[in-house]
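2 protein chains.
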Amino acid sequence: MNNFIFQNPVKIIFGRGQTAQISAEIPKGARLMITCGGGSIRKNGVYDEVTAALKGVDYIEFWGIEPNPSYETLMKAVEVARGERVDFLLAVGGGSVVDGTKFISVAIPFEGDPWDMIKRKIKPTAAVPLGCVLTLPATGSEMNGGAVITRRKTKEKLALHSPLIFPRFSVLDPQHTYSLPPKQVANGIADAFIHVTEQYLTFPAQAAIQDRFAESILCALIEEGPKTLANPTDYDSRANLVWSATMALNGLIGCGVPQDWATHMIGHEMTAFFGLDHGQTLVIVLPGLLWVQRDSKRQKLIQYAKRVWNIDGGDEDALIKQAIDKTRTFFESLGLSTHLSELGVTEDIFETAITRFQSRNMLPMGDSKDLDADKIREILRLAR
Amino acid sequence: MNNFIFQNPVKIIFGRGQTAQISAEIPKGARLMITCGGGSIRKNGVYDEVTAALKGVDYIEFWGIEPNPSYETLMKAVEVARGERVDFLLAVGGGSVVDGTKFISVAIPFEGDPWDMIKRKIKPTAAVPLGCVLTLPATGSEMNGGAVITRRKTKEKLALHSPLIFPRFSVLDPQHTYSLPPKQVANGIADAFIHVTEQYLTFPAQAAIQDRFAESILCALIEEGPKTLANPTDYDSRANLVWSATMALNGLIGCGVPQDWATHMIGHEMTAFFGLDHGQTLVIVLPGLLWVQRDSKRQKLIQYAKRVWNIDGGDEDALIKQAIDKTRTFFESLGLSTHLSELGVTEDIFETAITRFQSRNMLPMGDSKDLDADKIREILRLAR
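Protein sequences, first through last, are from chains A and B.
The opening position of the first sequence corresponds to residue -5 in the numbering used here, with each subsequent residue numbered one higher.
The opening position of the second sequence corresponds to residue -5 in the numbering used here, with each subsequent residue numbered one higher.
It is worth saying that the hints were derived from the structure and are not from the lab.
Glycine is no exception: its CB is placed at the ideal position from the N, C-alpha and C atoms.
You may find that some hints are simply not true.
[What the hints assert, rightly or not] Taking lysine-lysine pairs in the DSS-like style, the calculated list, with each CA pair at most 27 Å apart, reads: (1) B:5 - A:300; (2) A:315 - A:369; (3) A:115 - B:5.
[Unchecked claim] Covered, in the sense of this in silico footprint (three residues per stretch, anywhere, with C-beta under 8 Å from a C-beta of chain A), are these stretches of chain B: (4) -2 to 8; (5) 192 to 203; (6) 214 to 228.
[To be verified] Partial pick of chain A residues on the chain B-facing surface, computed with a CB cut under 10 Å: (7) 5; (8) 6; (9) 238; (10) 240; (11) 268; (12) 326.
Work out the full structure: start from the sequences and follow the hints.
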């Protein structure tokens, strides 16, 4: 096990009706800005629940944070927040709203162009505190210090990390997610699943708890994912999906183990150029990536086959192939496509992505630093 | 899944040589008191490592916090700390030193008799912050807001809970535990194991992640426990034990599920009256308790048999008996006794404990509130 530091101060307020508690979490006298997406929270009652809970609190609203939240939109929110002297933010929405609000929180006090915190990795030193009422189980943003922001003009989708952007609290009421379209639920299941594999399907680090916790989340998603898609208002299976997605990316399973994230890096390029849903892109990339990486990931892939899919015996490559096939079949059973061709992605993405990775000095990538341009080409060919 | 609130702000600094980082975690200009046990840290080098890391920091030392830390000893530390205007505490030792230091931290600013925070459940409202350098994997105290304190005069062993007593940071260097006697390691494995069963072997709450994480810790302890006893300086298996013990009682697996704690309540009485090691008492109580409770815990016991011990089929009671037998055999394989008679505990403890529980209105106890005096008698008879 590698040395590690772990600290996650987010207060999770989980369960039915917990939104009613939020005003106790916001400092008295705060000048609050609620940040929202396109309006689904008006239809499903979450907006009414939040505003009822905020009776007596002074707040303004910012609407229109889009999926894959854009620097362009977020800077408008920053301008409003600065003008209104906002000193607390409440993100009400899915991972995109939460990620976007995290960017707003460090951009408000930032001197200079806030994009530099992402592009030039200049560390934020101050932040307006934020809370969150989550409506979509997927990204884990509700309990971590990361955010992914897209710059439309340059078609860049890049990450920001800072302990300053941990939410102070996150309300996770599984009922808030009942009205999501099945495709978004499926994307969320896939996103959480692949957050786990990025931290688990690497090379062995003799980390028993981290491995078993990772396998726990994968097994829970395999078991509960189809149940909650079939019966979206079954509280327990939806609650299990919500908590799985949070646990998949709150730092815990990544303690002291190698991490990969190549599936995400390749997926981000497809979103940036073709606007594909994030979860969808991961599902396309992962099966091919695992096959191309079957040597460097061999031991963990065999462990995955045995412990997650309960398959054993036979030749190692056959076992690995079976585990990958089961993974792909699982994604397809959720209604997701695992082929680029079905989604209108053209093959020029192959060279476009590779050229970008090269220009950003990102190659070779992956946990074993052996994913070079040729291997990425091979992964993408397998995803055709 | 039940509603829950989870927040655990402890900064874990895990791994080889991490003690070197502590001075960065202690506020500049702090008036520090290091709290220690009986002196083992002088022999195993931990004391030297800590004091080397504290070069330039102003500190005093308090020695002599005993196993099952006593109110009587701790109040001496409180007196010293008040006199010296201590404003940061650093516990260097095992769970007893950490628990004792937590009590000291809230006792220093408490007006009145600090024992009232325990006996009369008066909530602490202020605390001197504390950090921890752990030397024994067992109690989980390094990452939670609980402490168990013994009052020698009245032979009472009781718990204190407060978010104020979360350590600000805990250094977990598995190497610090290499020199522990095998019996203490075995007790620690047992303690962590039974922290998990208290939160897992209850009645079903449809909490997929919590169940699987609990099973993960149990499996890790079953796999790594014997390895680390056989080879105490094998870094990875010791690191896995340390992280398992921390995860067993940091609040995570207890989120939104019923909890029991009857094994602990009964065990505490044996420690209070016969001075038995904490882990040792739990191991004596658990097998009988599970058998006596086999109806209310039936579904989880069957799940435990299947997922933790990989046994299946046959009549339910037979399956449960097999799982309990395997549990007992596991404890015995660690070198622990599972019978009262082998430890010189006389049977008058049966009625003494029951009378105490009755006088404290603790009966019936357990997750299903069905452990009455008769059942406790039966559990203790099974432990003879």
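Of all the hints numbered above, which does this structure not satisfy? Sort the numbers upward. Structure breaks hints 1, 11 and 12.
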